[in-house]
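Trainee: Residue numbers (the working numbering), protein chains in the order written: chain A, 960 to 1190; chain B, 960 to 1190; chain C, 960 to 1190; chain D, 960 to 1190.
Don't read these hints as lab results, they were simulated from the structure.
There's no promise every hint is true.
Unchecked claim - Derived EDC-like pairs (lysine to aspartate or glutamate); straight-line CA-CA distance at most 20 Å:
#1 1173(D) / 1098(C)
#2 1093(B) / 1172(A)
#3 1157(B) / 1160(D)
#4 1169(D) / 1098(C)
#5 1093(A) / 1172(C)
#6 1169(C) / 1100(A)
#7 1178(C) / 1160(A)
#8 1173(C) / 1094(A)
#9 1173(A) / 1172(B)
#10 1173(D) / 1094(C)
#11 1173(B) / 1100(D)
#12 1093(D) / 1172(B)
#13 1178(A) / 1172(B)
#14 1169(D) / 1100(C)
#15 1188(A) / 1013(B)
#16 1169(D) / 1101(C)
#17 1178(A) / 1115(B)
#18 1157(A) / 1160(C)
#19 1169(B) / 1101(D)
#20 1188(D) / 1028(C)
#21 1188(B) / 1026(D)
#22 1093(C) / 1172(D)
#23 1178(C) / 1098(A)
#24 1088(A) / 1160(C)
#25 1157(A) / 1160(B)
#26 1188(B) / 1028(D)
#27 1088(B) / 1100(A)
#28 1169(B) / 1100(D)
#29 1173(C) / 1101(A)
#30 1178(B) / 1160(D)
#31 1157(D) / 1160(C)
#32 1188(B) / 1160(D)
#33 1178(A) / 1013(B)
What the hints assert, rightly or not - FRET-style restraints, in silico, Cβ to Cβ:
#34 1186(B) / 1180(D): 38 to 48 Å
#35 1188(A) / 977(D): 37 to 47 Å
#36 1164(B) / 977(D): 51 to 61 Å
#37 1044(C) / 1109(D): 50 to 60 Å
#38 1101(B) / 1023(D): 55 to 65 Å
#39 1182(C) / 1134(A): 32 to 42 Å
#40 1164(B) / 1118(D): 27 to 37 Å
Think of the CB as a built atom: it goes at the ideal place given N, C-alpha and C, for glycine as much as any other residue.
4 protein chains.
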Amino acid sequence: MLELLKQEVLKANQLLKKYNLVTFTWGNISGINRKRNLIVIKPSGVPYAELTADKMVVVNLKGEKVEGDLNPSSDTATHLELYKKFAQIGGVGHTHSPWATTWAQSGNGIPALGTTHADYFYGEIPCTKIMEDKEIANDYEEFTGQLIIDKMQGIDPLNMPAILVNNHGPFTWGENSIKAVENAVVLEEVARLAFYTKQIDNTTPPISSKLLDKHFLRKHGENAYYGQKTD
Amino acid sequence: MLELLKQEVLKANQLLKKYNLVTFTWGNISGINRKRNLIVIKPSGVPYAELTADKMVVVNLKGEKVEGDLNPSSDTATHLELYKKFAQIGGVGHTHSPWATTWAQSGNGIPALGTTHADYFYGEIPCTKIMEDKEIANDYEEFTGQLIIDKMQGIDPLNMPAILVNNHGPFTWGENSIKAVENAVVLEEVARLAFYTKQIDNTTPPISSKLLDKHFLRKHGENAYYGQKTD
Amino acid sequence: MLELLKQEVLKANQLLKKYNLVTFTWGNISGINRKRNLIVIKPSGVPYAELTADKMVVVNLKGEKVEGDLNPSSDTATHLELYKKFAQIGGVGHTHSPWATTWAQSGNGIPALGTTHADYFYGEIPCTKIMEDKEIANDYEEFTGQLIIDKMQGIDPLNMPAILVNNHGPFTWGENSIKAVENAVVLEEVARLAFYTKQIDNTTPPISSKLLDKHFLRKHGENAYYGQKTD
Amino acid sequence: MLELLKQEVLKANQLLKKYNLVTFTWGNISGINRKRNLIVIKPSGVPYAELTADKMVVVNLKGEKVEGDLNPSSDTATHLELYKKFAQIGGVGHTHSPWATTWAQSGNGIPALGTTHADYFYGEIPCTKIMEDKEIANDYEEFTGQLIIDKMQGIDPLNMPAILVNNHGPFTWGENSIKAVENAVVLEEVARLAFYTKQIDNTTPPISSKLLDKHFLRKHGENAYYGQKTD
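Isolated chain A (complex conformation) (with noise of 0.2 Å):
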């Protein structure tokens, strides 16, 4: 079942190490289909280069097994939670990419600093809150998921297909699993050149919300003018 959609998280996944955003087996792709609401996912702690579309785990909403041998990802539950809520998105993704964890790991978000950032995020790509003892008892990864709705809270996740969970790394998403990789190829950049950018000056404003519109809406939105025009 679901076979194109298999192929297609194969190559995503693929593509983490083809971008070098993973070390070992450190991260994970997903693609959903919404009219059956079945997503695929990698297999937990299975090798990119041993993976195969075979081995790719079905589950349903509800984090049920539905087709495959091995066990999906440990971060299942955290991808569920982002696909109810975020009905707009067909991919989501997980990485440790060092850049994006270190944001991460220091609680703050990455502010936009240039027209890099403001290609593809439409403002400072946020961080959520630590979590409580409490909350990391029980359903840790299904309420990292929340933590993230939390923190996404009146934001289009098309516009900010990247958020980073404290003290952990990033999470990234968009309208299909490869663009999901695709922004977290970009976010890795953006959260490199913020760094070195307050290393040189810590007090770099962001830039204007001014030249933020103009480069995210130049290649997003009905007058987008990056690229070809595609049917």
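Following the hints, put chains B, C and D in place on chain A, whose structure we already have.
Mentor: Chains B, C and D in isolation, oriented as in the chain A frame:
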């Protein structure tokens, strides 16, 4: 038309990838034929691996497409401003290479802190002023060119073949499109060196004008003695 | 003798290169056969590309060579101290990997600032005290092992499979020689993350003990649920 | 003439590229035949991939070309000063490798902060004084050699096979041209380690002279016990 120039500009764009100056499609190179006042430029949003000479776009100095099926780079208007103002240059490039972009985001020029810098750039690499809201609204890319030209007032563009656009990233240029890429490589390297030097000691002054002269003129101008004589 | 262990230790040493943990020959891995109390270790100063199972050196717990044409690693005495003290471990490694060595040179342990750290190391990765002059004079390598053991007092070595030797660099260990390398890879990654996190905000505190427990025990011990069940 | 030395020096120059010490043609290695007082050196401005033994240039100690179609490196005069002064050395190298150049640009020597440093350099790696204007005017490259020699007063060049030229970059040397490259690799590594160590704690002191002795003499001199005995 312009088949040789297309081949050169194709190669120049491919070098962006080879020298690790670009993520995805975040960079573009162009070259000009001064006799015909036509420029060849990368199509917008096309991956470097998929580029061919046929896909290159030919535009005139008004920005009108003269040949090509694809849209030219969204930065074309900036390139054109530079060609119109700087008669000495034959190629222009733009990237979001990380070290140069870091300096651009910080709003600071890159001081000449060593001979590596002096071998290619005859003084501090300038950074443009922050664009005002009203300047962003219309003809943004053209106005970016204007900001560069304002900042370059009184500077020979072949003595300073790079600039940082504030909040954005670098533009470079040279005698031809290949030189524009080479200058982008060196810019990235000296941006890195300057960053780390300042981290060791933020009060490090620029090198003396005598040493700047010695190194720049050892490689440029009629008394140059670096490399091999070419006829 | 010990042909299987030689193959494993050979592979472990080759992984040092694959994972970019070593310059020239600056790292060595060993493994132990607990039934025979013999260890297999890299020969001193031999490039990784020239290693073969035949070149591996077998020594007993007194440090006497039992088999092999070449001298064992100059750090052999340190390895032996660890095997004699920590009955749980089956492999030991030493590198000068840059991020871990940076922390070792600074004389500071690596605080647990995120879940990446907590997935592998159950608390702050310790750093030994500075060696005194009289301790350097004789049996230097053996004394290095003693310093490590002193610092590990009361800590289960499988809960903390890495340490920093002050002014020098890291030692890691694990259930076998391959695990010792894997822990060296993760050590390098968390050393890097902790460095940059502290640069953003030097006052960043360690994660809560609850979160540390959650992540370490999610991957280790009888209630682990990361990865696939293995029989 | 000097075919074996040409082969060695060719290889040494190619190693600069392999070890990522050079951008474009920013580095050169030479070797000397002490019996004939002739040196073989890289031609100026030729890419490493295009080098052949035939293209190597032979010069005498006065800097006169004895064989070769191409111009020798523009740094030849500096190499010659070092060969004339340091009878123990057989190879010299110069690069703009980024970490060593960073320290050179800051005008600081590299303190011995760990055993990695002590394994190769017997104390702080010195940095020359800033060149005065009148010294830059004439025989600049020869005077660069003089500055190095002044700074090395009283130091055995084989105990300290590297120096930083202020505002410029490193020179290294060794028993032969291959060793000069190896010392450039290690210099780059210890420059990086020292930079980051100082970022963690700028007051980190050098290691004790006892530890410096232990590590340097473990690898050098008649009581060395690292590696394999060679006849």
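Trainee: Does each hint fit the structure? Answer for all of them.
Mentor: Do the hints match the structure? See the list:
{"no.": "1", "hint": "1173(D) / 1098(C)", "result": "holds, 11 Å"}
{"no.": "2", "hint": "1093(B) / 1172(A)", "result": "holds, 13 Å"}
{"no.": "3", "hint": "1157(B) / 1160(D)", "result": "holds, 16 Å"}
{"no.": "4", "hint": "1169(D) / 1098(C)", "result": "holds, 14 Å"}
{"no.": "5", "hint": "1093(A) / 1172(C)", "result": "holds, 13 Å"}
{"no.": "6", "hint": "1169(C) / 1100(A)", "result": "holds, 14 Å"}
{"no.": "7", "hint": "1178(C) / 1160(A)", "result": "violated, 40 Å"}
{"no.": "8", "hint": "1173(C) / 1094(A)", "result": "holds, 11 Å"}
{"no.": "9", "hint": "1173(A) / 1172(B)", "result": "violated, 41 Å"}
{"no.": "10", "hint": "1173(D) / 1094(C)", "result": "holds, 11 Å"}
{"no.": "11", "hint": "1173(B) / 1100(D)", "result": "holds, 11 Å"}
{"no.": "12", "hint": "1093(D) / 1172(B)", "result": "holds, 13 Å"}
{"no.": "13", "hint": "1178(A) / 1172(B)", "result": "violated, 44 Å"}
{"no.": "14", "hint": "1169(D) / 1100(C)", "result": "holds, 14 Å"}
{"no.": "15", "hint": "1188(A) / 1013(B)", "result": "holds, 18 Å"}
{"no.": "16", "hint": "1169(D) / 1101(C)", "result": "holds, 17 Å"}
{"no.": "17", "hint": "1178(A) / 1115(B)", "result": "violated, 34 Å"}
{"no.": "18", "hint": "1157(A) / 1160(C)", "result": "holds, 11 Å"}
{"no.": "19", "hint": "1169(B) / 1101(D)", "result": "holds, 17 Å"}
{"no.": "20", "hint": "1188(D) / 1028(C)", "result": "holds, 11 Å"}
{"no.": "21", "hint": "1188(B) / 1026(D)", "result": "holds, 17 Å"}
{"no.": "22", "hint": "1093(C) / 1172(D)", "result": "holds, 13 Å"}
{"no.": "23", "hint": "1178(C) / 1098(A)", "result": "holds, 16 Å"}
{"no.": "24", "hint": "1088(A) / 1160(C)", "result": "holds, 16 Å"}
{"no.": "25", "hint": "1157(A) / 1160(B)", "result": "holds, 16 Å"}
{"no.": "26", "hint": "1188(B) / 1028(D)", "result": "holds, 11 Å"}
{"no.": "27", "hint": "1088(B) / 1100(A)", "result": "violated, 46 Å"}
{"no.": "28", "hint": "1169(B) / 1100(D)", "result": "holds, 14 Å"}
{"no.": "29", "hint": "1173(C) / 1101(A)", "result": "holds, 14 Å"}
{"no.": "30", "hint": "1178(B) / 1160(D)", "result": "violated, 40 Å"}
{"no.": "31", "hint": "1157(D) / 1160(C)", "result": "holds, 16 Å"}
{"no.": "32", "hint": "1188(B) / 1160(D)", "result": "violated, 49 Å"}
{"no.": "33", "hint": "1178(A) / 1013(B)", "result": "violated, 25 Å"}
{"no.": "34", "hint": "1186(B) / 1180(D): 38 to 48 Å", "result": "holds, 42 Å"}
{"no.": "35", "hint": "1188(A) / 977(D): 37 to 47 Å", "result": "holds, 46 Å"}
{"no.": "36", "hint": "1164(B) / 977(D): 51 to 61 Å", "result": "violated, 36 Å"}
{"no.": "37", "hint": "1044(C) / 1109(D): 50 to 60 Å", "result": "holds, 52 Å"}
{"no.": "38", "hint": "1101(B) / 1023(D): 55 to 65 Å", "result": "holds, 57 Å"}
{"no.": "39", "hint": "1182(C) / 1134(A): 32 to 42 Å", "result": "holds, 38 Å"}
{"no.": "40", "hint": "1164(B) / 1118(D): 27 to 37 Å", "result": "holds, 32 Å"}
In this structure, the hints that do not hold are numbers 7, 9, 13, 17, 27, 30, 32, 33, 36, in rising order.
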